[in-house]
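Using the hints, position chain B against chain A.
There are 2 protein chains.
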Amino acid sequence: MTPPHREDTERPVAALLVPDILTLLDESPESVALDTAEMHPADLADVAEAMPEDRLLDFLLALPTARAADVLEYLDEERRTELFEGLTARQAAALVSQMQPDDRADVLEEMEDERAEEILAEIPAEARAETEALLQYEPDSAGGRMTTEFVSAPETMTVEEALRGVRTMARSERREAFYTVYTTDVSGRLLGVMSLRELLAAPEGGRLADIAWTEVQTVSPHDSQESVARIATDYDLVAVPVVDEDRRLLGVVTVDDVIDAIQEEQTEDVQKLGGMEALDEPYMQISFLHMLRKRAGWLSILMVSEMFTTSVLQHYDVELRRAAVLILFVPLVMSSGGNSGSQSTSLITRAMALGEVTLRDWWRVAIRELPSGIALGTILGVIAIVRIFLWQQLALYDYTDNGRVTVIRFALTVAFALVGIVTFGSLTGSMLPFLLKRLGFDPASASAPLVATLVDMTGLAIYFTTALLFLRGTLL
Amino acid sequence: MTPPHREDTERPVAALLVPDILTLLDESPESVALDTAEMHPADLADVAEAMPEDRLLDFLLALPTARAADVLEYLDEERRTELFEGLTARQAAALVSQMQPDDRADVLEEMEDERAEEILAEIPAEARAETEALLQYEPDSAGGRMTTEFVSAPETMTVEEALRGVRTMARSERREAFYTVYTTDVSGRLLGVMSLRELLAAPEGGRLADIAWTEVQTVSPHDSQESVARIATDYDLVAVPVVDEDRRLLGVVTVDDVIDAIQEEQTEDVQKLGGMEALDEPYMQISFLHMLRKRAGWLSILMVSEMFTTSVLQHYDVELRRAAVLILFVPLVMSSGGNSGSQSTSLITRAMALGEVTLRDWWRVAIRELPSGIALGTILGVIAIVRIFLWQQLALYDYTDNGRVTVIRFALTVAFALVGIVTFGSLTGSMLPFLLKRLGFDPASASAPLVATLVDMTGLAIYFTTALLFLRGTLL
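Residue numbers (the numbering used here), protein chains in the order written: chain A, 152 to 627; chain B, 152 to 627.
Simulated from the structure, these hints should not be mistaken for lab results.
Treat the hints with care, as some may be off.
[As the list claims (entries may be wrong)] Covered by chain B, per the in silico footprint, the following chain A stretches (three or more residues, Cβ under 8 Å):
1) 190-199
2) 257-271
3) 359-369
4) 378-392
5) 416-426
6) 531-541
[To be verified] Computed Cβ-Cβ distance ranges for the label pairs, DEER-style:
7) T557/B <-> Q465/A: 27 to 37 Å
8) D186/A <-> R340/B: 18 to 28 Å
9) L510/B <-> I559/A: 19 to 29 Å
10) P203/A <-> V537/B: 18 to 28 Å
11) A284/B <-> D186/A: 32 to 42 Å
Where a beta carbon is used, it is the ideal one built from N, C-alpha and C, also for glycine.
Isolated chain A (complex conformation):
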């Protein structure tokens, strides 16, 4: 079966095949496997997700076990959990045994501990040990992301032996990390690396030690998935080897998991930048209460911090009552500082995430942001002056407060306050990620709302100070 394409989606809409497959399941379940044999497991997972829940199990059982396991790897977490609840431990074990070791560990990680134990107990001993080893690592560490099915060979092996081995392996097993061959010494210590292409190109009769590169980029199993992604990206690797303290090869993180890690880290960064905790689950699948918890914390902290603006306003109570015209530009002046800060924060947190900027570069950033802030503030200041004069000329509003202040003085107050606040915003927004990183926090926590809140308080103080300077003797 070939999934049809629909105009407004980039992917074939496999879900449209559901009715056909359901009919087939009713009439001749044995032909389901054959009819879907050419379909990619990702498309079959789409079909499975669009199917009525009570038919999902029938559908997967109609597929060969290895194929069903492939589909499971692409199924969304919620659906997968539901499905496993409908299986006996033995049935579940048969399925997960066919999965790649790293995906198997991920699936078991999602379940209740007790249930995972039950299923693990039914898995063949070797695969069980392997899975238990993987389960001991944090899911977002190199160890949690790695697969234990890689290709390694003693460095004394000849090219021909290695090629024969690779071919046998290709037939008998489903090694995920197939295109990189690692050479080891007798005790399994990593010595070198070559691509399968280099192995294929090697002159016959040579030994692996002759062609392997001895300069190998490695990670420890406890390294973050972020650092694995950094190495894979910097060196264009399709697999990153994970070694223990003795440089023994434990596993490899393959490029598809590297991409997943990159996407996951990016999602976290964007959510933090938006002013909340990272959700850890897709937006459409997370429970309502769970999402609320992730959002309410920061929202409350930000509001409590923003209360200082109330205190600042209380402090300038007298001035405010005497010069009510100042109030009009409070939101404008505050938001401009927040906006420029938001720009700087996104620029710097992203540059840090990409490794373009490190802690040492803080002063280099500061001497870029200082003139940027002044220039941007000046542009906004000029716009504000134009607006104030325009409104006054068109008699839309009387900024002289019944003649007690000149328009020019008031306009200059707003303009200079803008220069000060936008400069302060740019500096705060750019330096906060450095400060957080220096203190050991995630620089991505320097969210746009947090910067805006910090700038709001100071911004008000800058605005009123400028006003006192420019309007002294007239309004104040």
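Just chain B now, kept in the frame of chain A:
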């Protein structure tokens, strides 16, 4: 040479080798190639970047041309441009001829048109035609990202013939997309795909047509790099084939370019989310004026929009003069709406970028965000009530405005306004990306500052309306 590691970086600090390499360049330039033979080109590029500018050319010329071309691929754009300026067109052509076709096109794209033409003229005819074909596509399209060096074979070929061909190819050429074999008909139309592993595992004597998968995911050369990334991620592909309207295979986008595309798109999204245009260049390399242009536009638009708050405040001028106590909570109330909107916007734009949410899902999102907004607003409202009563009790401030209003009425005004504003913020923040996408704009343009600005105006109106409702007859 092995680059040393430094504690605070994840990558070896190749730059520390610079003095050794400079000495070697002076004393025996012919041994530079041998001494650095085991180093990864990415590390050599780090060395090159840390070197005094006037030695860079000597260093690259001391390496074999193919190796120098590898280093060039990893060099940062600025350095590379400088370097090419110091070369004759013929020298430059010798270097770029050795690069992968897609990287070669990228490098030429960076140069002045005239200079690129000069260099192109010196490149051998076949490579020139290939490069010119690639240069016609937008750099961020599938065509701009693809390489023309892929492995394809007629589907009638036997497994043994194909394997021999692959091995010869591995020796003679540097095909980037080596691990996926495409089968074609006589006129070059794409028919099927297999991984190199599947080819190695295939029974001898079979034909490629027997083992190839006929369900192939393809893109058009004009598709965006985003959709290439989506397909590679969804189907875990190490290469995505690019075909023309007749399904003739034009090239493939390899996984390293997919990762670059993902990173690039993500950088753009984060920068837009921060309220500016995407920079297109790394933060530390972009020119000051260029960066200013990317930031000033949105900052000005946002400020001009925020001027409507001034109009709203002017509208409520009388109320403000009569009930100055209302002013105190203006920043708090406004920022809370902006913050909840910022959360929703980052959640939704990211979910859209990942394909978790499509245009059709808008109402599903709306019925999640509506109760979220109400719940979050209620939490903030309760905090505000506690704060107001606390300050009044501790005599830190007199919210009764000299007894003209009861504390409870004032507290309720703020609390109910918060519920309204946070709900409005969440809805605006979540619906804006849908609206933008529906209108054909990039949903990522729904930046946190833009949402905050939209919510500020409405927020003020909600606040004053609530005040009129609760304080009518007392203060107002």
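Hints versus structure:
1. 190-199: holds (count 4)
2. 257-271: Since three or more residues must qualify, the claim that chain B covers the stretch 257-271 of chain A is violated, with 0 doing so at under 8 Å.
3. 359-369: holds (count 4)
4. 378-392: holds (count 9)
5. 416-426: Since 8 is at least three, the answer is holds.
6. 531-541: Answer holds; 4 residues pass the 8 Å Cβ test.
7. T557/B <-> Q465/A: 27 to 37 Å: violated, 19 Å
8. D186/A <-> R340/B: 18 to 28 Å: holds, 25 Å
9. L510/B <-> I559/A: 19 to 29 Å: Given range 19 to 29 Å: violated, Cβ gap about 50 Å.
10. P203/A <-> V537/B: 18 to 28 Å: violated, 49 Å
11. A284/B <-> D186/A: 32 to 42 Å: With a Cβ separation near 40 Å, A284/B and D186/A satisfy 32 to 42 Å, so the hint holds.
The structure is inconsistent with the numbered hints 2, 7, 9 and 10, although it conforms to all the rest.
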